[in-house]
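Student: Based on these hints, arrange chain Z with the ligand on the given structure of chain Y.
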Amino acid sequence: MEPIRKEEIDDQACGSLAPKSKPCPRPKPGEAAGGCSFDGAQITLLPIMDAAHLVHGPVACAGNSWESRGSLSSGPSLSQYGFATDLSNNDIIFGGEKKLKDSIDYIAGRFAPPAIFVYATCVTALIGEDMDAVCKEASDRLGIPVVPVNSPGFVGSKNLGNRLAGDALLQYVIGTGEPELEASMGVNLIGEYNIAGEMWDIEKLMNQAGITLLSRITGDARYKEITWAHRAKANMVVCSRALLGLAKQMESKYGIPYFEGSFYGAKETTYSLRQMAYLLNDREMERRVDRLTEREENRLSHDLRPYRKILKGKKAVLYTGGVKSWSVISALKELGIQVVGVGTNKSSDEDVQRIADRVSDDTEYIPEGGASRIIKTVRERKADIMIAGGRNMYVAMKEQIPFVDINQERHKAYAGYEGLLRLAKELVDSIANPIWKLASSPAPWDKEDSYDR
Amino acid sequence: MTVKKRSKPVSVNPLKIGQSLGGILAMQGCYRAMPVVHGSQGCSAFPKALLTRHFREPIAVQTSALQEMDVIFDANRNLEEALNAVLSKHRPDIIGIIGTELSDVAGVDYQSMLKSYKRERNMRGGLAFSVTLPDFRGSLESGFSVTVEAMVDELIQQAGLRGQRNVNSRQITLLPGSYLTPGDVMELKEIVSSFGFEVIALPDISTSLSGHLLTGFSPLTRGGVPLDSMLQSLQSGLTIAFGASMERPARRLHNALGTPYKVFQGTMGLKASDELLNFLHQISGVPVPIRYCWQRENLLDCMLDAHFQFAGVSAVAALEPDHLRSVSEWLDELGVEQKALITSYETPAVAEMERDVWVGDLDDAEVLGSGADLWIGSSHGIAGAERIGAAFLAAGFPIWNELGSYMNVSVGYRGAMEWTNKAGNLLMRREAEHRESSVRHR
Ligand code: SF4
Chain Y
1 MEPIRKEEID DQACGSLAPK SKPCPRPKPG EAAGGCSFDG AQITLLPIMD AAHLVHGPVA
61 CAGNSWESRG SLSSGPSLSQ YGFATDLSNN DIIFGGEKKL KDSIDYIAGR FAPPAIFVYA
121 TCVTALIGED MDAVCKEASD RLGIPVVPVN SPGFVGSKNL GNRLAGDALL QYVIGTGEPE
181 LEASMGVNLI GEYNIAGEMW DIEKLMNQAG ITLLSRITGD ARYKEITWAH RAKANMVVCS
241 RALLGLAKQM ESKYGIPYFE GSFYGAKETT YSLRQMAYLL NDREMERRVD RLTEREENRL
301 SHDLRPYRKI LKGKKAVLYT GGVKSWSVIS ALKELGIQVV GVGTNKSSDE DVQRIADRVS
361 DDTEYIPEGG ASRIIKTVRE RKADIMIAGG RNMYVAMKEQ IPFVDINQER HKAYAGYEGL
421 LRLAKELVDS IANPIWKLAS SPAPWDKEDS YDR
Chain Z
1 MTVKKRSKPV SVNPLKIGQS LGGILAMQGC YRAMPVVHGS QGCSAFPKAL LTRHFREPIA
61 VQTSALQEMD VIFDANRNLE EALNAVLSKH RPDIIGIIGT ELSDVAGVDY QSMLKSYKRE
121 RNMRGGLAFS VTLPDFRGSL ESGFSVTVEA MVDELIQQAG LRGQRNVNSR QITLLPGSYL
181 TPGDVMELKE IVSSFGFEVI ALPDISTSLS GHLLTGFSPL TRGGVPLDSM LQSLQSGLTI
241 AFGASMERPA RRLHNALGTP YKVFQGTMGL KASDELLNFL HQISGVPVPI RYCWQRENLL
301 DCMLDAHFQF AGVSAVAALE PDHLRSVSEW LDELGVEQKA LITSYETPAV AEMERDVWVG
361 DLDDAEVLGS GADLWIGSSH GIAGAERIGA AFLAAGFPIW NELGSYMNVS VGYRGAMEWT
421 NKAGNLLMRR EAEHRESSVR HR
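Heads up: the protein sequence lines correspond to chains Y and Z, in order.
FYI, in my numbering the residues of the first sequence are 1 to 453.
FYI, in my numbering the residues of the second sequence are 1 to 442.
Keep in mind that the hints were calculated from the coordinates and are not lab data.
Idealized CB from N, CA, C, for every residue including glycine.
Heads up, a few of these hints could be off.
As the list claims (entries may be wrong) - Over 12 Å on every C-beta distance to chain Y, these chain Z residues come out as not near it, computed from the model:
hint, residue
1, Glu57
2, Arg170
3, Ala306
4, Gln309
5, Ala432
To be verified - As a list, the in silico SDA-like pairs of lysine to any residue whose alpha-carbon atoms are at most 25 Å apart:
hint, chain 1, residue 1, chain 2, residue 2
6, Y, Lys28, Z, Glu187
7, Y, Lys447, Z, Leu220
8, Y, Lys28, Z, Asn84
9, Z, Lys118, Y, Asp303
10, Y, Lys309, Y, Lys412
11, Y, Lys437, Z, Lys8
12, Z, Lys8, Y, Lys333
13, Y, Lys437, Z, Glu297
14, Y, Lys398, Z, Leu403
15, Z, Lys8, Y, Asp132
16, Y, Lys425, Y, Glu399
17, Z, Lys422, Z, Glu297
18, Z, Lys8, Y, Lys447
19, Y, Lys447, Z, Ser116
20, Z, Lys8, Y, Val428
21, Z, Lys89, Y, Asp50
22, Y, Lys398, Z, Asn401
23, Y, Lys412, Z, Ile382
24, Y, Lys28, Z, Met69
25, Z, Lys8, Y, Ala112
26, Y, Lys376, Z, Leu220
27, Y, Lys412, Z, Asn401
28, Y, Lys314, Z, Phe217
29, Y, Lys333, Y, Val428
30, Z, Lys422, Z, Glu187
31, Y, Lys28, Z, Gly126
32, Y, Lys376, Z, Tyr406
33, Y, Lys28, Z, Ser116
34, Y, Lys437, Z, Ala351
35, Y, Lys425, Y, Trp445
36, Y, Lys398, Z, Met69
37, Y, Lys382, Z, Phe217
38, Y, Lys398, Z, Tyr406
39, Z, Lys8, Y, Pro114
Chain Y on its own, in the form it takes in the complex (with noise of 0.2 Å):
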């Protein structure tokens, strides 16, 4: 595989070309939790669910993480197949090049899928795979197109993965193909991976206010739809950081305009939408925006009633992967929830400063993963409930404090109007669900004066 240059990785580590954003820091060993960069490559394209993606390497970076995301497909399935070219001993004494070759030759001949996505991992990357060269030969031969990814996990972490894949895309498949209809109105989403279907409330919305979606990179794409994405008007980017990268090289190289934006909580939603109708540049449509926000926010703010009064002065800690940082707690405070804990340790500057517009002076930031350090702010600023990946959910448990996950394994959608209601709900479900009561007062028998005779 191609090195990655060492000076590229520091200025750019982050996702953003900006000089002022801090690298990601090194992992500390024994301290250190998170994914590796080859799973962060992997959380940016496996959404592309007609695609087969291979895991080049020994059979644990694929045995251990596939079917591991919450990323739904409205049709096709096959990026939900674990492939892998699950090296043994010999392979990596004697190389695996023809592994990887013969096993690209299967995948196509038996599942005929539009492209496959080859990934580096730290074995093979290590033994120098010429994997590049592997992927371009299979190509030419086949006639599909075959995608090296080049994130071993060894590289970094998950977010320079993310960014990693974007570049892959950028490399290889945007610009690749045309779209079929004249799609003069189009706006992709990069960053949005469809996470319990949050994409489709996004699309629904979009499709009402007339702005055509272009391609989605990546949450329930197709293949097809990302070779076209450079003809599109506009880009949002949703996830604030990773593919950041990705939306700037489009702009310089196709001129394409881009803006942050979210979908968590009605303002974030009704600001995107208005900002991608302000980008296409169409009075017309931007008025049908003005109309169908104003309605939404009106029934939502109805809807929400209920909950609002019951969620009303609660107190939240929030830990999620740079990500969400500052566009949750937008929804949070429109549901009356103050942030009085927010995890940073993922964040750009620019990052944290958007928290900082977003919380009061006294909330706790919290730099550095590790449950402990979580825990200890809940219980230091009596939080009421903690928001946070699947990773610390049963750490919460043993703590007993009501808990939301928001990250990637989760069954439920919280983007736009319809995702704030069902957070409102799920939050008030969680906080006054009768297990905390009944999990916090011992057995009769532990109690001291319960049978005196």
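Tutor: Then chain Z with the ligand, alone, in the frame of chain Y:
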């Protein structure tokens, strides 16, 4: 009879799980332990996420967090840093260093590094050992048993410095295989102790991953067998191993201390339970407790009731080697046709089975098991089972589609009954659905 393999260059829907995950699992059964995976971040993050998803518990694990340049230049510097951090922050009683394919391919010698580290730091009292678990061979099962073996070795070493062995013939060491759930381990401990024995399970996930309500979170393991009990176990008069993969650690105890051992390869079904209870009865001289006599009757009655349901039924099972063997024996007793048995890698225990076993993946299970009525395997098999129209029975690792699967019991009469009823109910429901749809479509 024979072990076969379909020829296919690529693994499609892997059944195999990286060995290091097995090592991490074994460590969870020790109290105040911390496995340190010597590899890159992902090599500990993936197993941690997967184990958490299966057990619905926090999982203790740390990493040496290797990055590209560390692997090439000095991987052990990271390991040392990791050990320093773990020791000073959490003070674990037990540390297991789990070498991965990465430290293996890089050719890092962490064994001798650990030795000198221990010497320099004067690590008294604690237990620290290392294992090499690259994932280009073996699977979860071997990772687990190799780790237990290393644990046993280290125990023997440490106790050796302390002197005399004082055999306690009323004490038995259990070595439960990786496929046993916390519920299973609990059941086995109970069965053995009901014959009047003191039991020490090594490792003991029944007290760490069984969903206890210990409040408070710790980055170390909560529950599991404490170090002093582990040392105490060296005085046991007998070792009982469950699963062929656990024979090697049992043999280590035998070779070093002369402790006799007994291996039960099968743990499921009437015969396997009979064998265990009769053995315990023989060695203890204690009559089989009345509740097991009852349970035996219950099981037989349940099998009689269920046999209508199982007649003419065929199954495909995709499991780790020891587990597969055990499940196959249970299916034999039910008279179920075993259409295809798939396992992750070849072991002597599956090679000597009376049936054909395939080493392969879940795609092989789909192809070879086509037409089967029942699919037995991890949650990864749900989609495949659906595609071939089989009822899906969750077993093995990982299971995420049902609550409390970690408390399922498959061992003993009670376990066989639970499984028989569960499988029978699935088949009954499937039959009803078929009937309904055939009426509708007429
Ligand atoms: S760190 Fe490397 S070897 Fe480990 S899971 Fe990630 S890609 Fe695989």
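Student: Assess, step by step, whether the Cα of Lys376/Y is no farther than 25 Å from the Cα of Tyr406/Z, and give holds or violated.
Tutor: Not satisfied, since the Cα-Cα distance of roughly 30 Å exceeds 25 Å.
Student: Hinted pair, alpha-carbon criterion (25 Å max): Lys398/Y, Asn401/Z. Please report holds or violated.
Tutor: Holds. Lys398/Y to Asn401/Z sits at ~21 Å (cutoff 25 Å).
Student: Given the hint that Lys8/Z pairs with Lys333/Y, test it: the Cα-Cα distance must not exceed 25 Å.
Tutor: violated, 54 Å
Student: Is the straight-line distance between the alpha-carbon of Lys382/Y and that of Phe217/Z 25 Å or less?
Tutor: OK: Lys382/Y and Phe217/Z at ~17 Å, within 25 Å.
Student: Can the restraint linking Lys8/Z and Ala112/Y be considered satisfied, given a maximum Cα separation of 25 Å?
Tutor: holds, 16 Å
Student: So if I understand the rule, the pair passes when the alpha-carbon distance is 25 Å or less; does Lys118/Z with Asp303/Y pass?
Tutor: Since the Cα atoms of Lys118/Z and Asp303/Y sit roughly 63 Å apart, the hinted pair is violated (cutoff 25 Å).
Student: Beyond 12 Å on every Cβ pair: is that true for Ala432/Z relative to chain Y?
Tutor: Ala432/Z clear of chain Y: closest Cβ-Cβ about 27 Å, beyond 12 Å.
Student: Between the alpha carbons of Lys425/Y and Trp445/Y, is the straight-line distance 25 Å or under?
Tutor: violated, 36 Å
Student: Keeping to a limit of 25 Å between CA atoms, is the pair of Lys437/Y and Glu297/Z held or broken?
Tutor: Roughly 41 Å separates the two Cα atoms, so the pair is violated.
Student: Hey, Lys398/Y versus Leu403/Z, does the alpha-carbon distance stay inside 25 Å?
Tutor: holds, 17 Å
Student: Need the status of pair Lys376/Y, Leu220/Z: alpha-carbon distance at most 25 Å?
Tutor: The hint holds at about 17 Å.
Student: Check whether the Cα positions of Lys8/Z and Asp132/Y lie no farther apart than 25 Å.
Tutor: Judged against 25 Å, a Cα distance of about 23 Å means the pair holds.
Of the numbered hints stated above, those contradicted by the structure are hints 1, 6, 7, 9, 11, 12, 13, 18, 19, 20, 21, 32, 34, 35 and 36, listed in ascending order.
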